[in-house]
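Q: Put chain Z on the given structure of chain A with help from the hints.
Number of protein chains: 2
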Amino acid sequence: MDERIWTAALVVIGDEILSGRTQDRNIAQLATWLNAQGIRLAEVRVVPDVQAAIVEAVNTLRARNDYLFTTGGIGPTHDDITVDAIAAALGVPVVIHPQARAVLDDYYQTRGGLTDARLRMARVPEGADLIPNRMSGAPGIRVGNEVFILAGVPHIAAQMLDALTGQLEGGRPLVSRTIGGWVAESEIADLLGRTERAHEGVSIGSYPFFREGRVGANFVVRATDPAVVDACVADLMAALAAAGYEVVDGGI
Amino acid sequence: MDERIWTAALVVIGDEILSGRTQDRNIAQLATWLNAQGIRLAEVRVVPDVQAAIVEAVNTLRARNDYLFTTGGIGPTHDDITVDAIAAALGVPVVIHPQARAVLDDYYQTRGGLTDARLRMARVPEGADLIPNRMSGAPGIRVGNEVFILAGVPHIAAQMLDALTGQLEGGRPLVSRTIGGWVAESEIADLLGRTERAHEGVSIGSYPFFREGRVGANFVVRATDPAVVDACVADLMAALAAAGYEVVDGGI
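The listed protein sequences derive, respectively, from chains A and Z.
Sequence positions in the first sequence follow the UniProt record's numbering and run 1 to 252.
Sequence positions in the second sequence follow the UniProt record's numbering and run 1 to 252.
Hints in this document: simulated from the structure, not taken from any laboratory.
Be aware that one or more of the hints could be misleading.
Claimed, not checked - To give an idea of the interface, some chain A residues facing chain Z are shown, with a C-beta separation under 10 Å as derived from the structure:
{"id": "1", "residue": "17"}
{"id": "2", "residue": "155"}
{"id": "3", "residue": "178"}
Stated by the list, open to error - To be clear about the criterion: a stretch of chain A counts as covered by chain Z if any three or more of its residues have a C-beta under 8 Å from a C-beta of chain Z, and this derived list gives those stretches:
{"id": "4", "stretch": "37-47"}
{"id": "5", "stretch": "64-78"}
{"id": "6", "stretch": "114-127"}
{"id": "7", "stretch": "179-186"}
{"id": "8", "stretch": "221-227"}
{"id": "9", "stretch": "234-245"}
Virtual Cβ for every residue (Gly too), placed ideally from N, Cα, C.
Here chain A stands alone, though its shape is the one from the complex (with noise of 0.2 Å):
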């Protein structure tokens, strides 16, 4: 079956992950997210808090792909320069958008009123709209149906996925299931290889691991079409127990 298949890319805009400060936590949550939504997260980049760069990663990777979503750099100091270099790849100016002043208006009422830093957080892209957050004052920020901006803060970025759910078109989601065993992958790698060309569409990835003292690995079946997943774990499983290793359904 010859399927649509949709794909997105991530920008990570952050010194902070380059130097190590900070362990980025936005790209597992996000491709996890994307898959529940049948769209699959293709390449992502991390780049620093410079204008060019994001320029570059952002209109080199939305042109090839569906969705382009960016995390970080989106609050009221000088280092937060994402809604600027977005506007700049896009070729649009930047505006206050009045309902992200609303919002941020209300939000600050009783914190001190909204300065001229805050308002910073109600500029968009010319012709964004506003992704709902929950957590505090400053909304994310789409473009059309193409471009995401999230936080960086990974709790934030999460509410703002959360209001995204269900609002992007998307494929069959990825279907995995995962098989393991105490087994050195090595032994079992022509036997892998093998498995995986005689099911087509389906990607069997190899993730070893150390142990207790052993040696071992789960395997992870991956397909759009459940019935091909579930056809390629019975053989797999079969090759291995015929081979003499003891399997797991599930993983170990």
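A: For chain Z alone, kept in the frame of chain A given last:
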């Protein structure tokens, strides 16, 4: 003072990162290690297990950085295509490295012998050297002083970095100091921007948080010259104190 800044880029190779199955730990680990070598991690790309994607990322990033690192895809299974992709990017054939073969021979002597699949782990781009790895049989690979191919499993990648410590030419490491306070970053955004502009070569990162029911932020002052960092931190602390904020040297 005008000095050479050494930069590195990282290509994270792995469907497991893009699917959300595995949380990447190598970006932060490499960033921290590089900084200690006086090298800045300038950009990162996460690409799927697809040769064309790896080749594009490797060739773009090595052209504009001093060093190029990859993590992932150097095991014995069919989804481990890093060596082939990098050889293709460099325009050289893949060969069996005699020393890698000897290492694996030795390692697998008591573990069932060196099979064809295991011998895959001795394949390197022609002209490459090995990066020792005490954790398992498979070594990392370096191509001259430019390309460094590391394992995807973070603690094995850490061993390989350990083996490289002190071997790469770098400049002065970035020095950073952190101060923090129970202050909404939006209240002091102007002050931060002004302070950064007043100290050449300094960047101030602002990292807000919400903790114990209160908002706060840490401010990280970075530069290569420790004296410049100290001067900027002193100014920033004085300005924050004058504005009525209590700040803690070292961050909160």
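Q: Confirm or reject each hint.
A: Evaluated hints:
no.	hint	in the structure
1	17	7 Å, holds
2	155	9 Å, holds
3	178	9 Å, holds
4	37-47	holds (count 8)
5	64-78	holds (count 4)
6	114-127	holds (count 6)
7	179-186	holds (count 3)
8	221-227	violated (count 1)
9	234-245	violated (count 0)
Hint check: violations occur at hints 8, 9; the rest are consistent with the structure.
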